[in-house]
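Peer 1: Modelling step: build the complete structure from the supplied sequences, incorporating the hints.
Given next are the chains, with one letter for each unit.
Protein chains: 2
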Amino acid sequence: MEEIKIFGHRNPDTDTIMSSLVLEDLENKAGFNKVKAYRLGKISKETEYALNYFKVEAPELLEEVQPGQKVMLVDHNEFSQSVSGIEKAKILRVVDHHKIAEFQTSEPLFYLSMPVGCTSTILYDMYKTNNIEISEKIAGLMLSAILSDTLLLKSPTCTPKDIEVANDLEKIAGVNLNEYGLNMLKAGTDLSEFTPNELINIDSKPYTTNGIKYQAAQVNTVSIEDVLKDKEEIEKAMKDFMDSNNVDSFLLMITDIIENNSQLIVLGKPEIAEKAFNIKLKDNMAFLPGVVSRKKQIVPQIESVL
Amino acid sequence: MEEIKIFGHRNPDTDTIMSSLVLEDLENKAGFNKVKAYRLGKISKETEYALNYFKVEAPELLEEVQPGQKVMLVDHNEFSQSVSGIEKAKILRVVDHHKIAEFQTSEPLFYLSMPVGCTSTILYDMYKTNNIEISEKIAGLMLSAILSDTLLLKSPTCTPKDIEVANDLEKIAGVNLNEYGLNMLKAGTDLSEFTPNELINIDSKPYTTNGIKYQAAQVNTVSIEDVLKDKEEIEKAMKDFMDSNNVDSFLLMITDIIENNSQLIVLGKPEIAEKAFNIKLKDNMAFLPGVVSRKKQIVPQIESVL
Chain H
0 MEEIKIFGHR NPDTDTIMSS LVLEDLENKA GFNKVKAYRL GKISKETEYA LNYFKVEAPE
60 LLEEVQPGQK VMLVDHNEFS QSVSGIEKAK ILRVVDHHKI AEFQTSEPLF YLSMPVGCTS
120 TILYDMYKTN NIEISEKIAG LMLSAILSDT LLLKSPTCTP KDIEVANDLE KIAGVNLNEY
180 GLNMLKAGTD LSEFTPNELI NIDSKPYTTN GIKYQAAQVN TVSIEDVLKD KEEIEKAMKD
240 FMDSNNVDSF LLMITDIIEN NSQLIVLGKP EIAEKAFNIK LKDNMAFLPG VVSRKKQIVP
300 QIESVL
Chain C
0 MEEIKIFGHR NPDTDTIMSS LVLEDLENKA GFNKVKAYRL GKISKETEYA LNYFKVEAPE
60 LLEEVQPGQK VMLVDHNEFS QSVSGIEKAK ILRVVDHHKI AEFQTSEPLF YLSMPVGCTS
120 TILYDMYKTN NIEISEKIAG LMLSAILSDT LLLKSPTCTP KDIEVANDLE KIAGVNLNEY
180 GLNMLKAGTD LSEFTPNELI NIDSKPYTTN GIKYQAAQVN TVSIEDVLKD KEEIEKAMKD
240 FMDSNNVDSF LLMITDIIEN NSQLIVLGKP EIAEKAFNIK LKDNMAFLPG VVSRKKQIVP
300 QIESVL
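The listed protein sequences correspond, in order, to chains H and C.
Take 0 as the starting number for the first sequence in numbering that gives the first Met the number 0 and just add one per residue.
Take 0 as the starting number for the second sequence in numbering that gives the first Met the number 0 and just add one per residue.
FYI, nobody ran anything at the bench for these hints, they're computed from the structure.
Since the model is a prediction, treat every value here as computed from it, not as a measurement.
Among these hints, one or two may not hold up.
A pair holds if it fits inside one copy or across any two, identical chains being indistinguishable in the list.
List of simulated lysine-lysine pairs, DSS-like, C-alpha gap at most 25 angstroms [claimed, not checked]:
(1) Lys35 with Lys87
(2) Lys281 with Lys127
(3) Lys127 with Lys28
(4) Lys136 with Lys41
(5) Lys153 with Lys268
(6) Lys89 with Lys160
Peer 2: Right under this line is the structure:
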């Protein structure tokens, strides 16, 4: 039987990696399909911490898919965020929690999207619907995904459903949600080993609306000041990225996960960001109090201007 | 509280009308949202038969929606098949069983699609998931939708899941599935009152792929020969439609619901249909044995050529 490949978005974050592994487990246990989880890029330190904690191996790297390859997407749907060759793949399933854009198929498929904080919250529902037991390890992976995407259940993307699911998973996984989650997030804020170019690609997503190509990246930290020490080099890396990818505007969120604020650096078309957030950029920067979610607090505001 | 509008596609068929009414019932019973079902066009004779049988009123006509209007879509997702103004509406839910195309949102939403024969089959699952009882009337509407979309469970779009659900709904609705279904389908084949222009719009859908605009319409009959008596007038109506809507190719399926075959009439770019179905058109026509499903046996084949 032909192998079906499961993967999340490029520049994988913890939800994307965990949800790939979790859907692999679910499909195998339910006996639905012969599937294998993959990743489209480097594992982050945060994800690595969680995988090590629950003693689960990272999925293999996938560079591209061949025409006709059967695939399942988690945690994304926009082709520009997906694997090379996705346009000619046969998409069997999508499980996601993002807006839908730049997505199309030539045949009907299983598509489940919910406006919740994390893909793993939806996968939890699929275990329940199909009466499949959630193991300790899988609970740990799902909990890590939720705590990562919702910044310890404090992000505005977090819904009552995410909290309910996280509380149940906390018991199955046998960890203390707050303690474990903070350690995991902190592991992800160690940016010392990253070059500026790597830093802007840790969690970076491309968008295209009305012909405007923009990139929205995010890094988590416990000290915005520390990250800004390399501001000049970071801006150079952003500029280089824009030049080689024909990007009109690049927004980098430097998010303080303790205080729940973000410093925004914007290069290219500053008037869009200034209008979207009602700010005045100074040295390409603005401080956005209470802003931690790209999905809820950055992208829709940019879209509404575009 | 602001009213949320539920509707299916233009040129409504039985599944589209019933699924709008069924989701209205589900939302109201679950207490999720204050919703109201609408229709985007004239009720067919088949749908009218089913509504009369189960003593349910047809939904009101909806011409357009205002910017920001909250809506839920059933049985479609492509904006070209939806209500005027859909681009600026706020889409809260989609429940559908078609391929996804020309669809986008600026925010996350609830989207549930499954590769099954009928939207009502998916709605049945939502009743079960939310532990909501299905009344006799609602069961009758859902059963009508399934029997219509799957031509009495015989279309290639029909899945084991549709059959399982239909068998359960048959009991709740208290009808004989085959007898009731055949009477309903036959009611829909009375084309005597339709002008040729109305006939090609009974169940007609627009598609756009790689810049090619094509229209795929279907009429059900118990005698293909009878319908072909008006071939000249029908072709004139198709030609007029193409001219006023800038359509490149128009495919009309005349489907024999007893024998499960279709006669295809093609105007414009005949080479596409000839390649897609490996046929040679004669007098703009070809007989397609065993072909009854636009979704499975017409659209994907056209798409693969385009």
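Peer 1: Compare the structure with each hint and give your call.
Peer 2: Evaluated hints:
no.: 1; hint: Lys35 with Lys87; result: within (19 angstroms within a copy, 39 angstroms between copies)
no.: 2; hint: Lys281 with Lys127; result: neither (50 angstroms within a copy, 55 angstroms between copies)
no.: 3; hint: Lys127 with Lys28; result: both (13 angstroms within a copy, 22 angstroms between copies)
no.: 4; hint: Lys136 with Lys41; result: within (22 angstroms within a copy, 54 angstroms between copies)
no.: 5; hint: Lys153 with Lys268; result: neither (31 angstroms within a copy, 57 angstroms between copies)
no.: 6; hint: Lys89 with Lys160; result: between (31 angstroms within a copy, 22 angstroms between copies)
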